[in-house]
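**Student:** Residue numbers (our numbering), protein chains in the order written: chain A, 1 to 319; chain B, 1 to 343; chain C, 1 to 332.
If you're looking for bench data, these hints aren't it; they were derived computationally from the structure. Glycine included, each C-beta is placed from N, C-alpha and C at the ideal position. Please note that the accuracy of each hint is not assured.
To be verified - Facing chain A, according to a computed beta carbon distance under 7 Å, are these residues of chain C, among others:
#, residue
1, F21
2, L71
3, L73
4, A112
5, P127
6, T130
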Amino acid sequence: MIGPRRFVNIGPNVNPLIPAKHDGLVNSLSQLPEPGNPPRNLWADARRRFFRNKAATISLVVLTLIILACIIGPWVLPFDFDAADWDAMSAAPSITNGHYWGTDDSGRDLLVRSLMGGRISLMVGVLATVASVTVGIAWGAVAGFMGGKVDGFMMRIVDMMYAIPYLLIAILLVTILGREFYLVVITITAFSWMDMARIVRGQTLSLRSREYVEAARSIGVPTLRIISSHIVPNLLGIVVIYTTVTVPGVILTESVLSFLGLGIQEPMTSWGVLIADGTKVMDVSPWILLFPGALLSITLYCFNFIGDGMRDALDPKDR
Amino acid sequence: MATAPMHLMEVKQLGVKFKTPDGLVSAVNGISFTLDRGETLGIVGESGSGKSQSVLAMMGLLATNGQATGQVLYLGQDLISMPKADLNRIRGNRVAMIFQDPMTSLNPYLTVERQMTEVLEFHKGMSRKDARVKAVQALDAVKMPEAARRIGMYPHEFSGGMRQRVMIAMALLCEPDVLIADEPTTALDVTVQAQILILMRELQRDFGTAIVMITHDLGVVAGLCDEVMVLYGGQVMEQANADAIFYRPSHPYTAGLLAAVPRLEGGDAPMLAIPGAPPNMAKLPAGCPFTERCAMALPKCGTERPPFAPAAHDAQVLRACHLGIDDVTRNLERLKMEQGARA
Amino acid sequence: MTDALTPNQPLLAVKDLRVHFPIRGDNAWPWTPTRFLKAVDGVSFELRAGETLGIVGESGCGKSTLARALLNLVPITDGSVVWNGDEMRGASAQAWQAKRKAVQMIFQDPLASLDPRMTVAQIIGEPLRTHVPGLSNAEHNERVLAMMLRVGLTAQQINRYPHEFSGGQCQRIGIARALILKPKVVICDEPVSALDVSIQAQIINLLKELQAEMGLALIFIAHDLAVVKHISQRVMVMYLGRAMELAQKHALYDSPSHPYTQALLSAIPVPDPRVERGKSLQLLQGDLPSPINPPSGCVFRTRCPKAIAECALAVPALRVITTETQSACILS
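Same shape as in the complex, but just chain A:
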């Protein structure tokens, strides 16, 4: 009845619907699979694109090294982070006495303290990020999908949170509740979830009107299933990107709080505390400021480059 067909599938071809990108006509064509090749996952695609980005790849390596150093370093190095070396108070960096980064005014080895501080800063960063991303996604997805008055109400709360000066609240909270580790995390979370909420809400709104969501409705897929199988998987790209951008913001917030004396308590230390100490003696012992400051800066740069890399790798326009 139908006869021999001449559909020759020599690999998928120019998709007439994907408009040529301005900076290159056929960038992704030759990557299309031939029959017999394994199917190409979008995440695998993204991984390839990420590793093609030199800055992002180098940043990933550097960041991994820093994290490893922060975890392993304090065990491996001979000095304790709070042990005072009476022979070397405010000593400049030297190879001979073992204090590669020098000591602070109490004789504590700066390298170990920086790495310990890194542990705290990174841990606060990760925990606060995870918490704020979770809250943000939940808030944004609900607001975006419900729409109407619920959406309006939830987003006005977000606006109010933006309007509140977080430093004042942080001071209040610290004064009332104390400076425990988990309280610092909570305070930072309380002021970092709004960005993710807005972004997730925006993305949900745009996904809601996509044709494939309309197609799912026309098939009769129930609403919950639409959210779980169509909306959420398509949110993940944006969420991943903005998470990598949230982390440096959170670390910086923690550093600011600590710098102002509202964050981590002695004898625990974080980069912010170290920088605060360093600024006090900046003119006589600059290394106390420089080394932790450099470590913080490099970490933040790494996160930013990785975030950029992820954004380019997961750019929906490239599909």
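With chain A fixed as given, assemble chains B and C onto it according to the hints.
**Tutor:** For chains B and C alone, coordinates are given in the frame of chain A:
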């Protein structure tokens, strides 16, 4: 021996290559044509045929990773190798272009007047006031109602058809010799398209502009173009005058396209589908790019690129096919009969 | 609720359907009266089993909104929509859910109508999972695979993602998804507008084959009259939310009654130089009026070359001219 008169525009072996992360991809491969005053050339092709890229190359508008080869001679000067400053004096002035989507081709933040007077101020050195007068005249010429009042409006306040008229008016401000139209009516409704096409015909008649019309719509080509070039996979399949292309197509692709177009007139004969999908430009076969979809391909079509040469049956027709026109016509009849038997 | 049709009962009977969208700026004062965008403003037609009704019109005529209203994807403001004998306007979500098994839709943008994060198998299988959840895995996969092969895809592509396919292949996936439940009616919303000419013919031929094989009724929406001619038995021409003409195919194309149909037909460029250059065009002047404030009486009168004073007085109803033609023009 008298030298041949110089053509208004002469394109010789135009090629466009793109540097992609996966190597050099050839989007256009060997286009040549000549154009004189008052002539219209239609460039027909589907997605991926390279038609848009070829005219972008002619205007020097290629993306940064694209490079054009060959020659595009406007009155003897090669536009491809010209320095930017000289090219800018010709673009918009002697050779103008209109694009497919008027909404994105007009600056949404400037009034129509500003965008039009800008052209005149730059190319003709006119003052703002004189330019405005000329701009209103141009809008009148494209039959825009209430031109003097509407010239101060922003692009989003116009409908699609009106915006396209603005584009045409802008292109004609400096009375160019050549107008390149890249799918100017594809985004418009059919009744509006009819108006625009009539407008273009009239303008050509009144100003003598030569037109290069890029389109995928064979009906538009039939109404407007004298010469037709059929592209596939960046290469020219057939190039001839309109009558030859439409009434005696000599290439399997041209014939296939004509058979695949849904027709208003004629009976309910089913359309003859061309199997397969547009080509992967990064992986073209060594021979004819149409091979994998050609129902009458010979074994050598995939390996040996057919020479682009005058046809045996008519020297005015240029084609690139290993088969002769008789074979093509016969095969096509056979396919139509098979299709009719199946239905 | 009846599922059985008496022989003469149409599958779908639409009477005076209206879809009006309220327009109010977000910043409007609460007492500003709401204006309405009249996307569909009184359309009536019937569809019988196995037939194809083509709905044609230019942009802004409301054909896409009409398609979505038939499936309750946009709320119906007024009028009646009777599927299989059941009045569906105001029906509950469960009632619509039951109907959706028998009425499916194919969309205009082939790539955008497929979830980019789902594989082809998941996309085609989604209707099965929704309406026939009790199927065993093996049977589910078998039906998905059978459908894929039927529309011209190959078995190796079963785990590919939509972006790896060309436009024509994406549309085949869309067709497979729409047909896997063996519906009675398929609403095709401009299924070939975004495809190249050579691919359009493939898809239209495929749809015709599947229609013949599965006994489908099609509602084929397009802006291209030439495409519609190849697949429809009856054609309805819409303008600004109203039906201008509804006729059997030959009557419409050979002797159109309504001035708008005549203008449309003459405006279509014909791939034949002698015909194209020699034809006399009926040009429509002016622009499409605003659907928020349509002209009184016949909405087409502002651009109609034959408009007379009476045209502004009352909205002309779609009335029977011959057994084959209905036209909404008082001059027909």
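**Student:** Run every hint past the structure and note whether it holds.
**Tutor:** Comparing the hints with the structure gives:
1. F21: violated (14 Å)
2. L71: holds (5 Å)
3. L73: For C:L73, the interface hint holds, since the closest Cβ of chain A sits about 6 Å away, which is under 7 Å.
4. A112: Interface hint status for C:A112: holds (4 Å vs cutoff 7 Å).
5. P127: The hint holds - C:P127 has a Cβ within 7 Å of chain A, the shortest such distance being about 5 Å.
6. T130: holds (5 Å)
Of the numbered hints given earlier, the model fails hint 1 alone.
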